[in-house]
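> Sequences are here, hints too, so could you generate the full structure?
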Amino acid sequence: MDATRADPAFVAELVRAVLAAGAGTINLPDTVGFALPEQVAGLIRTLRAQVPEIEAAVISFHGQDDLGLATANSLAAIAAGARQVEVTINAIGERAGNTSLEEDVLALRVHAERLGVRCGVDTTGIYALSALVAERSGIAVPPNKAIVGRNAFRHASGIHQDGVLKQRETYEVIDPAWIGHPIGSEIVLGKLSGRAGFAARVAALGLALSEAELERAFRRFQRVAAVSREVADAQLRELCAEAARAA
Numbered sequence: 095m096d097a098t099r100a101d102p103a104f105v106a107e108l109v110r111a112v113l114a115a116g117a118g119t120i121n122l123p124d125t126v127g128f129a130l131p132e133q134v135a136g137l138i139r140t141l142r143a144q145v146p147e148i149e150a151a152v153i154s155f156h157g158q159d160d161l162g163l164a165t166a167n168s169l170a171a172i173a174a175g176a177r178q179v180e181v182t183i184n185a186i187g188e189r190a191g192n193t194s195l196e197e198d199v200l201a202l203r204v205h206a207e208r209l210g211v212r213c214g215v216d217t218t219g220i221y222a223l224s225a226l227v228a229e230r231s232g233i234a235v236p237p238n239k240a241i242v243g244r245n246a247f248r249h250a251s252g253i254h255q256d257g258v259l260k261q262r263e264t265y266e267v268i269d270p271a272w273i274g275h276p277i278g279s280e281i282v283l284g285k286l287s288g289r290a291g292f293a294a295r296v297a298a299l300g301l302a303l304s305e306a307e308l309e310r311a312f313r314r315f316q317r318v319a320a321v322s323r324e325v326a327d328a329q330l331r332e333l334c335a336e337a338a339r340a341a
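Numbering follows the numbering used here, with no gaps: position 163 of the sequence shown is 257.
Hints are computed from structural coordinates only; laboratory data are not their basis.
The calculated lysine-lysine pairs, modelled on DSSO-like cross-linking and capped at a C-alpha distance of 30 Å, are:
1) Lys285 with Lys239
2) Lys239 with Lys260
3) Lys285 with Lys260
Quick list of the computed label-pair ranges, beta carbon to beta carbon:
4) Ser154 with Ala103: 18 to 26 Å
5) Phe128 with Leu286: 35 to 43 Å
6) Ala100 with Ile233: 26 to 34 Å
7) Ala271 with Asn238: 17 to 25 Å
8) Ala103 with Gly162: 25 to 33 Å
9) Leu130 with Asn245: 26 to 34 Å
10) Asn245 with Gln133: 28 to 36 Å
11) Arg208 with Met95: 29 to 37 Å
12) Ser304 with Ala190: 49 to 57 Å
13) Val318 with Arg139: 55 to 63 Å
14) Gly162 with Ala340: 46 to 54 Å
15) Ser304 with Ala234: 42 to 50 Å
Ideal Cβ placement from N, Cα and C applies to all residues, glycine included.
This is how it looks when you write it as structure tokens:
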């Protein structure tokens, strides 16, 4: 129940007993989210060394996120030999939640070569599944949640906008299409935005402006953005229309 805080010798004794009784899966829970990644990896490596018969079973890890380490701990477990991890959509669960399925699956995809493992999850349904779970559970996904949060693929900083427009991978290690994201990379216009991001958003809205009109619209945008958290598309259309009329 609480393998990461239990006496290692007792854990080994218990594992031997359940294996002898026919257990095919050995689950090692970090029940209160206590452990550091190296502790989780050390526990699994020690068991594999001290209880060699464990190799005939599937080593499983269950992580909690009380210290924000659930994903890191589950990946450490996998690197040490675990081949099953217990996860939930949107990391929902007791207290601070469980290990996030979407974080684990995408981390395994990005670092497949380094970790030497792959999983068979079809990632293209992750975004839709996350939204469904949030709706049915009544637990909203925080905007800054990794992978499925609203801000995961939104770029507000001018230098980030310029970089991602030139080459998406500059500021994204995950392709939004991998998780079935309906919008993909998104430029957010605000006080940190630069001219490149502004011009790209104008073009995406289908607004055709001359260079002079674009420059006037950008200056107007900067004044509005200085006092607004975000400049919405409707405001942007108005600014561009005003700039065109001022020609």
